[in-house]
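Visitor: Chain by chain, the residues run as shown.
Number of protein chains: 2
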Amino acid sequence: MSIVVVGSLGLDDVQTPHGSVKSVLGGSASYFSVAAQHFAPVALVAVVGSDFPTDYHELLKARGIGTEGLETVPGNTFHWAGRYGDDPNQAFTLTTELGVFQDFHPRLPESYRKAGFVFLANIDPELQLEVLRQSGGLKILDTMNFWIDGKRAELLRTLQEVDVVILNVQEARSLTGEPNLYKACEVISGFGPKVVVIKMGENGSFLHTPEDKFLLPAYPVERVVDPTGAGDTFAGGFVGWLARCARTDRDAWRQAMVMGTVMASFTIEDFSLRALMRANLKIVRERADRLRNLTQFPPQDESLQ
Amino acid sequence: MSIVVVGSLGLDDVQTPHGSVKSVLGGSASYFSVAAQHFAPVALVAVVGSDFPTDYHELLKARGIGTEGLETVPGNTFHWAGRYGDDPNQAFTLTTELGVFQDFHPRLPESYRKAGFVFLANIDPELQLEVLRQSGGLKILDTMNFWIDGKRAELLRTLQEVDVVILNVQEARSLTGEPNLYKACEVISGFGPKVVVIKMGENGSFLHTPEDKFLLPAYPVERVVDPTGAGDTFAGGFVGWLARCARTDRDAWRQAMVMGTVMASFTIEDFSLRALMRANLKIVRERADRLRNLTQFPPQDESLQ
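So the protein lines, in turn, are chains A and B. Number 120 in this note's numbering belongs to position 91 of the first sequence; there are no gaps in the numbering. Number 177 in this note's numbering belongs to position 148 of the second sequence; there are no gaps in the numbering.
No lab work stands behind these hints: they were computed from the structure. Keep in mind that a hint or two might mislead.
Any copy, or any two copies together, can satisfy a pair, since identical chains are not distinguished.
[What the hints assert, rightly or not] 30 Å max Cα-Cα, derived DSSO-like pairs, lysine-lysine: (1) K242 - K311; (2) K242 - K51; (3) K311 - K212.
If you're wondering where the values come from, they're calculated on a predicted model, not measured in any experiment.
The following block holds chain A by itself, in its conformation from the complex:
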């Protein structure tokens, strides 16, 4: 099944203890789409300015990502500059320039409206609602504290029409005011989305569905070079896997968590989308096998009883 993603394409400047890069491809929709395209066909809805390098445009097309919904308009592309210290979980934003993204109103090409999955990356919840009204399929939403704090009512309205929400642990707490993660998931589920995925960085991730709870450690990475885009990449692996197997049973949700985790492990190993673009299904499968081997244990011996 195919996937539509609505989000940002951006040009990022990033500094980490391992080096720095300037004007590299970034934005939620780029990480998501490159990750998901490893598993299933992806089409983008986004906007870039006239400064967006042709190379980046070609790079997405060359990977088979649908760009019919990618508008180029006069002005500057969304630009983010950030810095990480020794703690890869904490990003310090130096600059955010919305550029042409400021006036973005996502329009889904007619051919996109039958996609099996729609991923609403972290954008204004009012725009997310506009997209939901143009699309069918399974609806997955990401957001951030900026919207939770600034457009809470609009976000709650949008969540009513969403099937799956993917949040990090701080976002889940600020959305619900509930410090306990399990209780927070139940509260969020009450807002609309039946499935709640909580990203916990190096602590792994947690899946909460009406029938299941699943806890998965992060894939161990020896050297975290640049954590930018890890969350969007997780979402790409997660939704990509669901689209590939075209099922939403217990095993499919759990496997999707594994694939989200594995794809994110590539992203953080290099700047921008470099490591994610070097990945292929063979090494993805090897990491999924390794994660399984690292985390599984046998049933209890009878002697305990």
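Using the hints, position chain B against chain A.
Guide: The following block gives chain B in isolation, referenced to the frame of chain A:
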């Protein structure tokens, strides 16, 4: 098989956001022995002062814990007072009074010297070495930053004669100077202990043996009341399980990690050893089953290949 534990019995004052207690039973050896005794016979080597309540002494005996090696001498019992804020991973020590523990020289009764397992709780590494010279069996050591910083040479000497070391993540980093956990385990293994267990609090735990690596999330607890003793309890469940099944193959190590995790989940749910003492094998087994259910996932579908 039976277990000998050498460590502290103490009287603790603890304040947490959920309340406070005074002069409750504490100390590494008490948490360890009560946890391990759920699985296998345990005998204590420790010292208390004349102020140690008869009730606490009786309580240990009533659970079947061997107290032949428990000396009572004139003076005050080891006393710790501490406080936790909202982050249960961070303890603020208000008072440490060594009392009779200051002049403690552990002597193993003859009957203890054939135990299959010896657990050296967090005490001076020179005393730990004295114990190792009096005992056979599988040797497991815990320590803390106080000894890593203050008696590094002595600790390294003692580690040469140890089979298993159990550390928290900060201790592993300060012992090795290696920020990467996997590399730190390899360095520690080079010091002597073939098996390294890293406790990561709410992030779970990690097992490193020459043949295996295993990553396990923490058991989810709704309300952490008092984290005191969680690490010693983990060790008690871990060693207790190994003693119960009398095996040290891959499955036994992994199951031991599960039992350490489950036992620690009880300790943190109430003050002192209260919740740990309410536990029984039936509910231990239920939590182990639940942890398994929470963390296991099926092999990959062929469709990925």
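Visitor: The structure should be examined with respect to each hint, and the outcome stated for every one.
Guide: Consistency of the hints with the structure:
no.	hint	verdict
1	K242 - K311	both (28 Å within a copy, 22 Å between copies)
2	K242 - K51	neither (41 Å within a copy, 38 Å between copies)
3	K311 - K212	between (38 Å within a copy, 26 Å between copies)
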